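Assemble chain E onto chain F, guided by the hints.
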Amino acid sequence: MALDGGDLFGQRTQSEKDQTSFLCKETAALGYKVFGVGEMDLNYGLDYLRETEKTYGFLFVNANVRQTAGGPLLFPPYTVIEQEGLRIGVISVLSPAMKITTMSATPDQFVVDSPRDALDKYLPELRKKSDVVVLLAHLSSTETRELLVGMGDKDGNNPLIDICVEGQDIRQYRRLNKIGSVALLAANNQGKYVGQLDMTVDKKSHQIQFGEEPVTIYELDEKSPETTAVRDRVTSFEAEAAKKAKEIPPDTHSRPLGSTSEKFLGASACAKCHSQDYQTYASSAHARAWQTLVEKGQESNSDCVGCHVVGYNHVNGYDRGDSQSGRNSLYNVQCEACHGYGTQHVRDGQWVAAAKSSCTTCHTAENSPNFEYASYWAKIKH
Amino acid sequence: MSRESNRSMLGRRGSALVAALALLLAALVVAGRESRADQGVDLTLLFQSAVQGKISPCG
Chain F
343 MALDGGDLFG
353 QRTQSEKDQT
363 SFLCKETAAL
373 GYKVFGVGEM
383 DLNYGLDYLR
393 ETEKTYGFLF
403 VNANVRQTAG
413 GPLLFPPYTV
423 IEQEGLRIGV
433 ISVLSPAMKI
443 TTMSATPDQF
453 VVDSPRDALD
463 KYLPELRKKS
473 DVVVLLAHLS
483 STETRELLVG
493 MGDKDGNNPL
503 IDICVEGQDI
513 RQYRRLNKIG
523 SVALLAANNQ
533 GKYVGQLDMT
543 VDKKSHQIQF
553 GEEPVTIYEL
563 DEKSPETTAV
573 RDRVTSFEAE
583 AAKKAKEIPP
593 DTHSRPLGST
603 SEKFLGASAC
613 AKCHSQDYQT
623 YASSAHARAW
633 QTLVEKGQES
643 NSDCVGCHVV
653 GYNHVNGYDR
663 GDSQSGRNSL
673 YNVQCEACHG
683 YGTQHVRDGQ
693 WVAAAKSSCT
703 TCHTAENSPN
713 FEYASYWAKI
723 KH
Chain E
38 MSRESNRSML
48 GRRGSALVAA
58 LALLLAALVV
68 AGRESRADQG
78 VDLTLLFQSA
88 VQGKISPCG
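Residue numbers (the working numbering), protein chains in the order written: chain F, 343 to 724; chain E, 38 to 96.
Treat the hints as calculated values from the structure; they're not laboratory data. Please read these numbers as outputs of a predicted model, since none were measured by experiment. Please note: incorrect hints may appear among the correct ones.
Here are the simulated lysine to any residue pairs, SDA-like style, with alpha carbons at most 20 Å apart [unchecked claim]: (1) F:Lys-545 x E:Gly-90; (2) F:Lys-586 x E:Gly-90; (3) F:Lys-546 x E:Gly-77; (4) F:Lys-359 x E:Thr-81; (5) F:Lys-520 x F:Arg-487; (6) F:Lys-367 x F:Lys-638; (7) F:Lys-638 x E:Gly-90; (8) F:Lys-367 x E:Gly-90; (9) F:Lys-546 x E:Asp-79; (10) F:Lys-546 x E:Thr-81; (11) F:Lys-545 x E:Asp-79; (12) F:Lys-375 x E:Thr-81; (13) F:Lys-545 x E:Gly-77; (14) F:Lys-546 x E:Gln-76; (15) F:Lys-545 x E:Thr-81; (16) F:Lys-520 x E:Thr-81.
Just chain F, same shape as in the assembly (with noise of 0.2 Å):
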């Protein structure tokens, strides 16, 4: 039996929607069919979603979004699965703290209920027809606690849910946690982990009984077998994606940052008084970021070129396109790229605070997971 708390789907641009397309049906090879709702997966309207459970036979179920305050359910609050001559109940809910925002052409509405009212009206019913209940919780880890507390029984006797998965905060539990006698378990961060939660199950009394350590998360890291079929799968689909974010035309991305009355000077200007420190960044790893990309052939990856260049999400920034006024240059991480733009060197006084403060801006803890700013910064002292 394997179950997804949601967010199987990806950010709203068009890349991740392919993206998302290529996922959904190597997810379905594997076998998933049942699925909770995260916020996610209304990213790219009702419809995509619809389209996507026929496609694949999916399941998402929740019972708790509807499209108006007071009308139907979007989706059956939970559903039933045989496994082993056992009945295992399915029910999810999302956090109403979550917006939902999609990228359909006419943009859907979607009302959350109160998690905790979703579930005192459907749990009794869903307990009565189950052995097992699992709730596919897409809530914070703090409203995930809330929530459990009361819907185990001390005992284990009557609980009215037996095992949540906890959807939504970046976290994996390795240990079972119990809230009463909820089993609590956690495997998430972009496909990086998959839980396995091993039980027996009283045939009689249906009661759950766990071994010593009954939680195993994979970690899947380089050290994790690959299979030949779905790695040639991969293979293919990187190719058609980059393929695809090379025909998109420069410079059609949102730049929410910046001003247009402010400009990029580059770091040649920069080296015209500050030569010492040009020549410190042009020895460093920041004067070859860009090349990086270049040899993985994901110059063209809108996820990735924000933080190969110089402003890339500010006004004037770097532009593939611009060769006139010189923005096709701005690429590798530049001083300004640090620093902000040049043409506000001498009137904001904040040259060095600001960046100071922008090192995480891409040495997050995904991307630069031993980023530590002394030693980093050593790197580059200028």
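Frame of chain F; chain E shown alone:
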């Protein structure tokens, strides 16, 4: 990005999906095993959430 972070991205992010798919295939075989005892039914639940992320390493 530093060479170190590039290696990390390759390992931690770049190959994550591929590895996930491969491992899941293997794990699913385990999931449907027979009952162990007369009184009890052995069940294995595989779970995941928030699987979306970059498939390819940036650089």
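Right, here's what the structure says about each hint:
Restraint check for F:Lys-545 and E:Gly-90: not satisfied, since their Cα atoms lie roughly 40 Å apart, outside the 20 Å limit. With a C-alpha separation of about 18 Å, the suggested pairing of F:Lys-586 with E:Gly-90 holds against the 20 Å cut-off. Taken as a hint, the F:Lys-546 and E:Gly-77 pair is honoured in the structure, with Cα atoms around 8 Å apart against an allowance of 20 Å. Our distance criterion of 20 Å between C-alpha atoms is broken by F:Lys-359 and E:Thr-81, whose separation comes to about 32 Å.
In summary, the hint linking F:Lys-520 to F:Arg-487 is supported, as the alpha carbons are separated by about 10 Å, within the 20 Å threshold. Pair hint F:Lys-367 plus F:Lys-638 does not hold up; C-alpha atoms about 25 Å apart against a cutoff of 20 Å. Distance check on the hinted pair: F:Lys-638 and E:Gly-90 sit about 17 Å apart at the alpha-carbon level, within 20 Å; holds. With a C-alpha separation of about 16 Å, the suggested pair F:Lys-367 and E:Gly-90 falls inside the 20 Å cut-off, and the hint holds.
For the proposed pair F:Lys-546 and E:Asp-79, the alpha carbon gap of about 14 Å is at most 20 Å, so the pair holds. For the hint pairing F:Lys-546 with E:Thr-81, the CA-to-CA distance comes to about 19 Å; that is within 20 Å, so the pair holds. The straight-line distance between the Cα atoms of F:Lys-545 and E:Asp-79 is roughly 10 Å, inside the 20 Å bound, and the hint therefore holds. Proposed proximity of F:Lys-375 and E:Thr-81 is supported: the alpha carbons are some 16 Å apart, at most 20 Å.
This hinted pair checks out: F:Lys-545 and E:Gly-77 have alpha carbons roughly 5 Å apart, not beyond 20 Å. Restraint check for F:Lys-546 and E:Gln-76: satisfied, since their Cα atoms lie roughly 8 Å apart, inside the 20 Å limit. For the hint linking F:Lys-545 to E:Thr-81, the alpha-carbon distance of about 15 Å falls within 20 Å, and the restraint holds. For the suggested pair F:Lys-520 and E:Thr-81, the alpha carbons sit about 18 Å apart, so the restraint of at most 20 Å is met.
Going down the numbered hints, you'll see the structure goes against 1, 4, 6, while the others check out.
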